[in-house]
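Novice: Residue numbers (the working numbering), protein chains in the order written: chain A, 1 to 456; chain B, 1 to 245.
Any given hint could turn out to be false.
[As the list claims (entries may be wrong)] Derived Cβ-Cβ restraints for the label pairs, each shown as a range:
#1 L29/B <-> P143/A: 37 to 47 Å
#2 N160/B <-> T266/A: 25 to 35 Å
#3 G172/A <-> M161/B: 52 to 62 Å
#4 R226/B <-> M1/A: 19 to 29 Å
#5 G206/B <-> E47/A: 46 to 56 Å
#6 G172/A <-> D163/B: 54 to 64 Å
#7 T288/A <-> M1/B: 51 to 61 Å
[To be verified] Not close to chain B: a few residues of chain A, all C-beta gaps over 10 Å, as computed:
#8 E65
#9 N74
#10 A84
#11 K156
#12 H189
#13 H270
#14 R297
#15 I377
Since the hints were made in silico from the structure, they are not lab data.
All C-beta atoms in this analysis are idealised placements derived from N, C-alpha and C, irrespective of residue type, glycine included.
Now for the letters of each chain:
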Amino acid sequence: MNEHATKAAAFIKDEARTDWHDESLWFVRSKRDKAAHSIPEWEQLRELASQIKDHTLAHLDEYLEAFEAKAQENGVTVHWAADAGEHNRIVYRILSEHKAHRIVKSKSMLTEECGLNEYLEEKDLEVIDTDLGERIIQLREEPPSHIVMPAIHLKKEEVGELFHQKLQTEKGATDPKYLTEAARQHLRHSFLKADAAITGVNFAIAETGGVVVCTNEGNADMGTHLAPLQIHCMGIEKILPKAEHLGVFTRLLARSATGQPSTIFTSHHHKAKKGGAMHIVIVDNGRTTQLGRPDFRNSLKCIRCGACMNTCPIYRRSGGHSYDSTVPGPIGSILTPGIDLKKYSGLPFASTLCGSCSDVCPVKIDIHEQLYKWRQIIAEEGHLPAVKKQSMAIAGSVLSRPGWYKAAGKSARWLTRWLPRPLVYNPLNTWGRDRELPESPKQSFQEWYHKNRPAS
Amino acid sequence: MKIALFIPCYIDQFYPQVGVATLELLERLGCTVEYPEGQTCCGQPMANTGCEQDAIPTYKHYVNTFSGYDYVVTPSGSCAYHVRKHYDVIEQSPAVKQLRKRTLDLSEFLLDVLKVDELKARFPAKVGVHQSCHGLRGLRLGPGSERNIEAPSAIHTLLNMVDGVEIAGLDRADECCGFGGTFAINEPDISVKMGKDRIADHTRSGVEVITAGDMSCLMHLEGILRRQGSPVQVKHIAEILNSQA
Chain A
1 MNEHATKAAA
11 FIKDEARTDW
21 HDESLWFVRS
31 KRDKAAHSIP
41 EWEQLRELAS
51 QIKDHTLAHL
61 DEYLEAFEAK
71 AQENGVTVHW
81 AADAGEHNRI
91 VYRILSEHKA
101 HRIVKSKSML
111 TEECGLNEYL
121 EEKDLEVIDT
131 DLGERIIQLR
141 EEPPSHIVMP
151 AIHLKKEEVG
161 ELFHQKLQTE
171 KGATDPKYLT
181 EAARQHLRHS
191 FLKADAAITG
201 VNFAIAETGG
211 VVVCTNEGNA
221 DMGTHLAPLQ
231 IHCMGIEKIL
241 PKAEHLGVFT
251 RLLARSATGQ
261 PSTIFTSHHH
271 KAKKGGAMHI
281 VIVDNGRTTQ
291 LGRPDFRNSL
301 KCIRCGACMN
311 TCPIYRRSGG
321 HSYDSTVPGP
331 IGSILTPGID
341 LKKYSGLPFA
351 STLCGSCSDV
361 CPVKIDIHEQ
371 LYKWRQIIAE
381 EGHLPAVKKQ
391 SMAIAGSVLS
401 RPGWYKAAGK
411 SARWLTRWLP
421 RPLVYNPLNT
431 WGRDRELPES
441 PKQSFQEWYH
451 KNRPAS
Chain B
1 MKIALFIPCY
11 IDQFYPQVGV
21 ATLELLERLG
31 CTVEYPEGQT
41 CCGQPMANTG
51 CEQDAIPTYK
61 HYVNTFSGYD
71 YVVTPSGSCA
81 YHVRKHYDVI
91 EQSPAVKQLR
101 KRTLDLSEFL
111 LDVLKVDELK
121 ARFPAKVGVH
131 QSCHGLRGLR
141 LGPGSERNIE
151 APSAIHTLLN
161 MVDGVEIAGL
171 DRADECCGFG
181 GTFAINEPDI
191 SVKMGKDRIA
201 DHTRSGVEVI
211 TAGDMSCLMH
221 LEGILRRQGS
231 PVQVKHIAEI
241 LNSQA
């Protein structure tokens with residue numbers, strides 16, 4: 001079994017917990033459905049968003065440069081990072097120049113992708129994640145399991161125990177209100193003494209040079225308002241041409257993510273506050289390579305809403321950690337093979353190709369079709385397990401030859417009918433471990449047809 | 001109208017009664033149906049596993065076997081979808097182009113070509129509909145719960161023409177059953193869990209018979225039902241539409 005299958009099997013062993021995880025995410029998907037179905041023009045919005053993103057990706061170089069020029073006009077310093085390493089070095093350099101030691105950071109999948117926290121901690125800087133879910137997993141020293149709800153895999157009892165150990169809350173406390181209040185008080189200290197605030201970026205507007213940060217907790221705002229230095233880190237694909245395009249995406253983002261009409265905070269940052277400094281770091285880290293792959297280019301349209309995770313029947317039953325990738329779930333399974341094909345060669349197979357991800361996607365990424373295409377590349381490049389490869393070659397030979405097919409079918413039916421059960425249901429028969437094989441009929445349809453429609 | 005019947009490999013071998021029901025149903029509706037000799041498979045098992053190259057000889061065999069008909073009808077949304085969607089890797093001769101357009105799932109053929117609006121069929125049972133993903137999201141045989149679109153569901157439309165059928169409501173209208181071709185054997189734990197969860201949804205509603213337009217989903221669900229010793233039956237939609245009980 002591939003790595004995802006093995007990890008999924010381990011996750012699923014606790015069936016009650018798997019059901020709880022599945023139901024929690026299905027609840028979010030249902031809220032999303034309600035929100036999406038309450039907007040008559042939902043499908044037009046998706047189409048519009050998809051076209052805006054397609055257009056922007058086709059002219060990405062121009063829009064990025066326009067954005068940089070406008071941001072500089074606003075007095076913002078813009079940096080370009082080719083990869084994760086350069087991104088981390090740039091952020092560290094800015095922090096050093098401002099003698100910043102204590103940093104608060106709001107949610108950013110990009111900094112997660114670049115491993116920024118670990119890098120800065122090695123340099124003896126303090127980085128506090130201020131999104132509640134992010135803070136929880138930071139205290140647990142584990143990666144997020146979901147891009148919007150990073151601690152969705154944890155139960156409130158586990159958070160209670162963690163906070164008891166780390167934040168000295170009462171032992172056994174599980175009341176979410178109490179625990180959230182404890183986190184607020186704890187984070188308040190970090191906000192007040194922070195030298196710098198780092199945020200992710202949801203949208204960057206080429207026309208205005210501004211960045212837009214969406215949160216539900218206001219933590220990005222607390223950070224950027226209080227700390228003298230603000231740094232916004234963004235992937236090159238976050239660009240939108242004009243401010244007027246933003247409304248299309250803010251309407252789609254929160255509804256797709258959580259079923260809310262909009263995020264509680266949608267903050268627009270255009271220039272540094274009085275006496276402060278504002279930097280934007282624009283990161284490639286493999287995105288240009290992905291842009292150069294016609295079949296996979298449009299994965300860069302992703303606005304990181306997480307809807308494909310909430311709808312994915314496999315994600316819901318295997319948890320985000322089973323993907324072992326910064327971005328898990330269906331979208332992660334088409335993004336990560338482009339970064340390391342060998343390492344992530346199992347992920348495009350962690351799907352039934354049911355297509356729910358593509359239909360739920362607010363920017364119409366053909367996720368399941370890209371999964372199919374990655375499978376072809378993985379096989380061509382020799383990353384399929386040998387057994388799989390060989391059995392498919394045999395299947396291909398049999399199924400293209402009517403005579404072989406007839407003989408194989410007949411013997412398969414005969415064998416499953418007459419072999420002793422333990423031989424058929426052997427340990428290699430993963431179908432038969434928890435499922436019966438179909439009962440073998442005495443005659444195939446072909447054979448029936450010849451007997452019953454002899455004239456033809 | 002020259003109509004060819006395509007009976008997918010696993011139906012041919014394991015569920016011949018589905019092929020029989022499809023053929024009889026079409027004949028009762030006045031169609032003259034040919035069953036071309038030597039037919040095998042659409043090639044999907046190899047292609048979905050990433051081995052499209054190994055599938056190409058099977059694609060070519062399908063094209064040779066089924067060219068020259070006005071329609072190829074098959075009791076499988078999944079196989080029809082595969083031919084229409086993925087036969088783009090072979091040379092697009094006029095025959096291939098025509099075949100890709102004219103390979104239809106049974107329910108599409110009944111509703112869109114024959115324009116069936118009544119059936120002399122009777123099947124007194126509480127029936128749960130399993131929407132196969134390739135039929136639903138591939139061929140768009142229904143609206144799909146994700147999209148904000150008003151569209152009839154082909155399988156519901158057809159079931160409503162059958163006397164005695166009571167269609168059960170489900171908590172999750174169109175979640176995948178977890179079959180997914182070789183997924184079922186490569187990720188068996190999740191595959192089975194998905195199947196069990198689907199079955200639980202149907203049994204909560206008191207379903208006696210689970211039906212679908214794809215026997216592959218039903219083969220997977222039936223395998224779990226039989227292992228559980230459940231009295232719930234599975235029947236391909238063709239079997240219900242062809243019932244005279």
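Novice: State for each hint whether it applies.
Specialist: Hints and how they fare:
1. L29/B <-> P143/A: 37 to 47 Å: violated (57 Å)
2. N160/B <-> T266/A: 25 to 35 Å: violated (46 Å)
3. G172/A <-> M161/B: 52 to 62 Å: holds (59 Å)
4. R226/B <-> M1/A: 19 to 29 Å: holds (24 Å)
5. G206/B <-> E47/A: 46 to 56 Å: violated (40 Å)
6. G172/A <-> D163/B: 54 to 64 Å: At roughly 60 Å between Cβ atoms, D163/B and G172/A fall inside 54 to 64 Å, so the hint holds.
7. T288/A <-> M1/B: 51 to 61 Å: holds (53 Å)
8. E65: holds (37 Å)
9. N74: holds (38 Å)
10. A84: holds (29 Å)
11. K156: holds (24 Å)
12. H189: holds (43 Å)
13. H270: With a cut-off of 10 Å, H270/A remains clear of chain B, as the shortest Cβ separation is near 34 Å.
14. R297: holds (18 Å)
15. I377: violated (8 Å)
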